[in-house]
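Got chain D; can you put chain F on it based on the hints?
Below are the chains, spelled out letter by letter.
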Amino acid sequence: AQSVSQHNHHVILSEAASLELGCNYSYGGTVNLFWYVQYPGQHLQLLLKYFSGDPLVKGIKGFEAEFIKSKFSFNLRKPSVQWSDTAEYFCALNPYNQGGKLIFGQGTELSVKP
Amino acid sequence: GAVVSQHPSWVICKSGTSVKIECRSLDFQATTMFWYRQFPKQSLMLMATSNEGSKATYEQGVEKDKFLINHASLTLSTLTVTSAHPEDSSFYICSASRDRGNSPLHFGNGTRLTVT
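Note that the protein sequences, when read in sequence, are chains D and F. Numbering follows the working numbering, in which position 74 of the first sequence is assigned residue number 74; successive positions increment by one, without gaps. Here the working numbering runs 114 ahead of the position in the second sequence, where the first position is 1.
Calculated directly from the structure, the hints in this document are not laboratory data. From a predicted model like this one, the values you see are computed outputs, not experimental measurements. One or more hints might be untrue.
[Stated by the list, open to error] A partial selection of chain D residues facing chain F, derived with a Cβ cut-off under 10 Å:
| # | residue |
| --- | --- |
| 1 | Tyr36 |
| 2 | Gln42 |
| 3 | Asn75 |
| 4 | Gln98 |
| 5 | Ile103 |
| 6 | Phe104 |
For every residue, glycine included, the Cβ atom is placed at its ideal position computed from N, Cα and C.
Pulled out of the complex, with its shape left as it was, chain F reads as follows:
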């Protein structure tokens, strides 16, 4: 079946540095990918919708200059956390679907980011 791969699985970085997270759809083309954030013991919150070849759409309250999203191809979207701070420590999860919501959404395994 369809698989979404996320890399890295976990990363530790120092405050002030930037971290890039990759999300790949392995056996299908994903025109749209989604980035979620999950704090411990809480639900997933949609951060942004990543559209291939165009600018991402950010949810209210999400800083687009801090969370840079690039969707350069139909199988790859990247999320870059710029100038990370300890409060950015979280679990970041991407998802992808083949079409506009009418097929099952597939989730990556997530990336655990710890900013020290």
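Isolated chain D (complex conformation):
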């Protein structure tokens, strides 16, 4: 079965701390991987995506993620978080050749203390 697992439900950090949010997926074939962010009261926005090529992908607002195929992981990182990064973060999987269907993880709520 296809699934996405985000290990952390709620992460609390102080400003300038480093961030790493875990994401593991279960799917035997080729995948496209995404991280989305949902700020309070707003819609989902794409942070970054991996389709192929360099497994280290850089996104907006200083975020990056690394695809490790052997570990079925796609962890999100940011060296120094800001208060404005407070939001819900979703990892999502798109099985290749299944159109735009996305399978989402449970989400991780990030709270950054000023």
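For chain F alone, kept in the frame of chain D given last:
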């Protein structure tokens, strides 16, 4: 950039009535649109895949007679919640892409449905 518009943003209806939610791709043609449902503090769950000119494909456990999907044109898909009940209260979100998963997916702002 590409934008997906969803309407209405929020709706309150009485139990037993039907509600229609529209999802429009504003500057591109979307042969496929997706409908998700998000309960409070939970992730998005795919309800159905809407294909222009053909029947929608529903995920397991989603009642196709209750959640009617119509994709009559390349820029419009509608989701109708029929005979709504309080347990249907949720946040409904649509998404669209230009092609089969190789372009960024764009999400609508979502529709907050409250059934009283």
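- Query: What hints, given by number in increasing order, does this structure fail?
  - Reply: 3
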